Amino acid sequence: MTAVLGAFALFCAANVVAALWRVLRGPTAADRLLAPQLFGTTGIAVLLLLAEALGAPSLRDVAVVLALLALVTAAAFALRVAGSSARGEPEP
Amino acid sequence: MTAGLALDVLLAVALPLVGLAAVLRRDLVQSVMLLFSLGVLLAIAWARLGAPDIAMVEAALGAGVTGVLFLSALARVGPDDAAPRAASVRVALAALAAAAVAPVALAVEALPRAFEGLGREVLARVPETGATHPVTSVLLDFRGYDTLLEIAVLLLAVLGAWAARGGAPSPRPPAPGPILTAAVRLLLPLMVVVAGVLLWVGSSAPGGAFQAGTVLGTTLVLATLSGGVALPRVPPWVVRSMLALGFAVFLAVAGATAASGRALLRYPGAHAAGLLLAIEAALTISIAVVVWALFERDPEERRAEGEAGGREGEAA
Amino acid sequence: MTALDWMALPFLAASAFFFLAGTVGLLRFPDLFTRLHALAKADNLGLGLAVVGLAIRSGSAAVAVKLVLTWLLALVASSTSCHLIARGARREGVEPVRGRR
Amino acid sequence: MTSAHLFAFSGVALLGAGLLGVLAHRHLVRRVVGLNLAGSGVFLVIVALARRSDPPDPVPHALVLTGLVVGLSATALALALAVRLHRETGAARVPEEDGP
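Chains as they are written, first to last, in the working numbering: chain C, 1 to 92; chain B, 1 to 316; chain L, 1 to 101; chain G, 1 to 100.
The hints are simulated quantities; they were obtained by calculation from the structure and are not laboratory data.
Note that the structure is a prediction, hence the values are computed from the model and not measured.
One thing to keep in mind: the hints can contain errors.
[Claimed, not checked] One side of the interface only, derived from the structure: several residues of chain B facing chain L at Cβ under 10 Å: (1) 104; (2) 106; (3) 108; (4) 110; (5) 111; (6) 174; (7) 177; (8) 182; (9) 184; (10) 189; (11) 192.
[Claimed, not checked] Using C-beta positions, here's what the derived DEER-type ranges look like: (12) G:88 - L:60: 58 to 68 Å; (13) G:89 - B:278: 22 to 32 Å; (14) B:132 - L:69: 40 to 50 Å; (15) L:97 - B:153: 31 to 41 Å; (16) B:98 - G:89: 27 to 37 Å; (17) L:2 - B:84: 20 to 30 Å; (18) B:112 - G:88: 50 to 60 Å; (19) B:179 - L:6: 49 to 59 Å; (20) B:262 - L:6: 52 to 62 Å; (21) L:68 - B:232: 43 to 53 Å; (22) G:2 - L:61: 52 to 62 Å; (23) B:153 - C:18: 37 to 47 Å; (24) B:86 - C:3: 46 to 56 Å.
[To be verified] Residues of chain B placed beyond 10 Å of chain L at every Cβ, according to the derived structure: (25) 30; (26) 96; (27) 117; (28) 183; (29) 187.
All residues carry an ideal CB built from backbone N, CA and C; glycine is no exception.
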């Protein structure tokens with residue numbers, strides 16, 4: 001079963017890498033942020049699967065941290081980057 | 001376990017390629033997104049390498065605050081409008097970078113495939129420290145002086161960043177909106193609890209001051225981004241005291257152990273566990289406020305401006 | 001392979017399917033908002049199914065509760081993120097596609 | 001090829017990518033991106049080499065743990081300086097490089 005869990009972890013990680021294409025393609029800045037968001041969700045799955053496959057329960061804590069803090073980049077993007085350029089803030 | 005090896009190969013190939021893409025793409029926002037993606041991949045790589053402690057900090061910083069710092073800087077600095085260099089120059093620079101790392105690759109190649117390292121010595125002497133988790137023992141006992149000086153480096157970096165930001169016009173962030181506010185209100189207490197748990201288990205399992213501190217610091221950054229939701233207002237001197245607390249407590253313990261005729265940071269056996277926990281708690285608070293301060297401006301300056309919306313604080 | 005493993009396997013397989021669907025949606029859908037839709041729904045369902053599978057396999061109530069809590073946290077965080085991205089994009093002037101392309 | 005050495009070479013390559021970023025760009029934020037990558041590469045080499053024993057050597061883990069936080073502080077300081085330079089000169093580039 002360890003091998004099966006490892007195979008699922010590999011499959012999820014392959015999804016993460018495939019999603020990188022969207023970061024490169026864009027076209028908008030928001031599109032480029034999408035893939036990292038997917039990384040968040042899929043990365044949590046990879047970590048949980050690895051926690052089981054490797055018998056390392058502390059990886060579940062890593063998954064919790066990733067789940068809790070995935071929000072911070074989206075918040076920074078929405079409130080700093082998207083907001084500032086939309087309002088045409090002059091460069092100081 | 002062939003699936004595990006395949007995962008290792010996938011990560012090992014993807015990591016430098018993502019890094020190269022982050023370097024080569026023209027659009028800086030894209031570079032930062034790739035850097036952020038790299039953080040998530042690295043967190044998985046640390047998990048594969050049996051380093052859950054590092055994976056936790058990476059999940060909070062590499063996949064979190066680092067991207068926020070870059071995005072905030074980009075919003076002020078603007079895009080890279082320099083003309084691209086000639087193709088011949090780019091090839092020469094790539095060759096130069098390759099030549100610079102080639103000796104490192106050769107050195108790595110020359111190393112034995114199996115090497116005991118210091119693992120056995122550390123494990124043998126862990127019971128002498130106040131912790132049972134080897135990484136915590138190394139961090140706060142065997143290499144305690146190193147950690148002590150690193151906390152000093154963090155304080156200096158904060159002072160530098162605050163000085164560089166001095167006199168900057170305050171950005172007026174757009175309203176965070178009700179959904180983010182509600183989510184932050186919901187998540188904030190959980191994050192504080194998670195940080196507390198990480199601090200508490202740190203003596204016996206992966207976790208500790210650096211993990212708890214970075215999680216708490218990222219929490220403060222998120223709360224500040226969302227307009228200071230659920231953050232208590234505290235005067236600037238409290239923020240400064242919390243910044244210095246970890247270093248002060250650590251230094252006081254170092255001084256006390258030296259004064260009692262022991263080696264520097266050699267804890268007395270009977271009190272080792274308690275001392276370690278006290279140092280870790282103080283370090284957690286300081287590291288959290290350092291992470292927040294690296295992203296924010298000097299609160300004293302904000303107050304001097306008489307800014308109405310200036311909020312700063314610490315939820316711990 | 002124990003009986004618990006066999007019970008967990010369908011959930012894990014279904015989760016792999018939804019992760020794949022989310023990735024295909026991210027790569028193939030025509031605009032930002034449909035891609036967000038693919039991510040926020042398919043991937044979180046995939047994570048949920050993976051959590052169910054792992055919780056069954058773990059055979060421990062404490063671990064199962066922790067896994068489910070992790071999933072709930074991920075749900076809150078990712079739905080908020082997707083909302084923020086969509087809102088930020090609308091402010092930037094990104095418009096959804098209309099009709100067939 | 002063991003996994004440890006695989007990741008170590010991956011870290012060396014990442015270090016190379018970071019160095020290229022520092023060398024190839026004039027924009028300071030891009031250089032900080034390069035520095036960040038180079039740092040991650042170095043950490044990866046260190047932790048990968050610690051994996052050569054089982055369980056992994058905890059000493060490099062502790063080094064990298066503090067290194068990550070110090071790396072963040074270096075990144076923040078460098079970015080604050082780049083933003084300040086942009087405020088003073090209108091461009092986030094090293095001034096000498098704009099000479100004739």
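Now for the hints, and whether the structure bears them out:
1. 104: violated, 35 Å
2. 106: violated, 38 Å
3. 108: With a closest approach of 33 Å, the residue 108 of chain B hint is violated.
4. 110: Violated. Min distance 40 Å.
5. 111: Interface hint status for residue 111 of chain B: violated (37 Å vs cutoff 10 Å).
6. 174: With a closest approach of 8 Å, the residue 174 of chain B hint holds.
7. 177: holds, 7 Å
8. 182: holds, 8 Å
9. 184: holds, 8 Å
10. 189: With a closest approach of 12 Å, the residue 189 of chain B hint is violated.
11. 192: violated, 14 Å
12. G:88 - L:60: 58 to 68 Å: This hint holds: roughly 59 Å between Cβ atoms.
13. G:89 - B:278: 22 to 32 Å: violated, 47 Å
14. B:132 - L:69: 40 to 50 Å: Hint violated: Cβ distance 26 Å, outside 40 to 50 Å.
15. L:97 - B:153: 31 to 41 Å: For residue 153 of chain B against residue 97 of chain L, whose Cβ atoms are near 50 Å apart, the range 31 to 41 Å is violated.
16. B:98 - G:89: 27 to 37 Å: holds, 33 Å
17. L:2 - B:84: 20 to 30 Å: Roughly 59 Å apart at Cβ, these two residues miss the hinted range, so it is violated.
18. B:112 - G:88: 50 to 60 Å: holds, 52 Å
19. B:179 - L:6: 49 to 59 Å: violated, 41 Å
20. B:262 - L:6: 52 to 62 Å: holds, 58 Å
21. L:68 - B:232: 43 to 53 Å: violated, 31 Å
22. G:2 - L:61: 52 to 62 Å: The hint (52 to 62 Å, Cβ to Cβ) is violated, given that residue 2 of chain G and residue 61 of chain L are roughly 38 Å apart.
23. B:153 - C:18: 37 to 47 Å: holds, 39 Å
24. B:86 - C:3: 46 to 56 Å: For residue 86 of chain B and residue 3 of chain C the Cβ distance comes to about 51 Å; the hint holds.
25. 30: Non-interface label on residue 30 of chain B holds, nearest chain L Cβ at 15 Å vs cutoff 10 Å.
26. 96: At about 36 Å from chain L, residue 96 of chain B clears the 10 Å cut-off, so the statement holds.
27. 117: holds, 32 Å
28. 183: violated, 4 Å
29. 187: Violated: least Cβ distance 6 Å, not greater than 10 Å.
The earlier numbered hints that this structure contradicts are 1, 2, 3, 4, 5, 10, 11, 13, 14, 15, 17, 19, 21, 22, 28 and 29.
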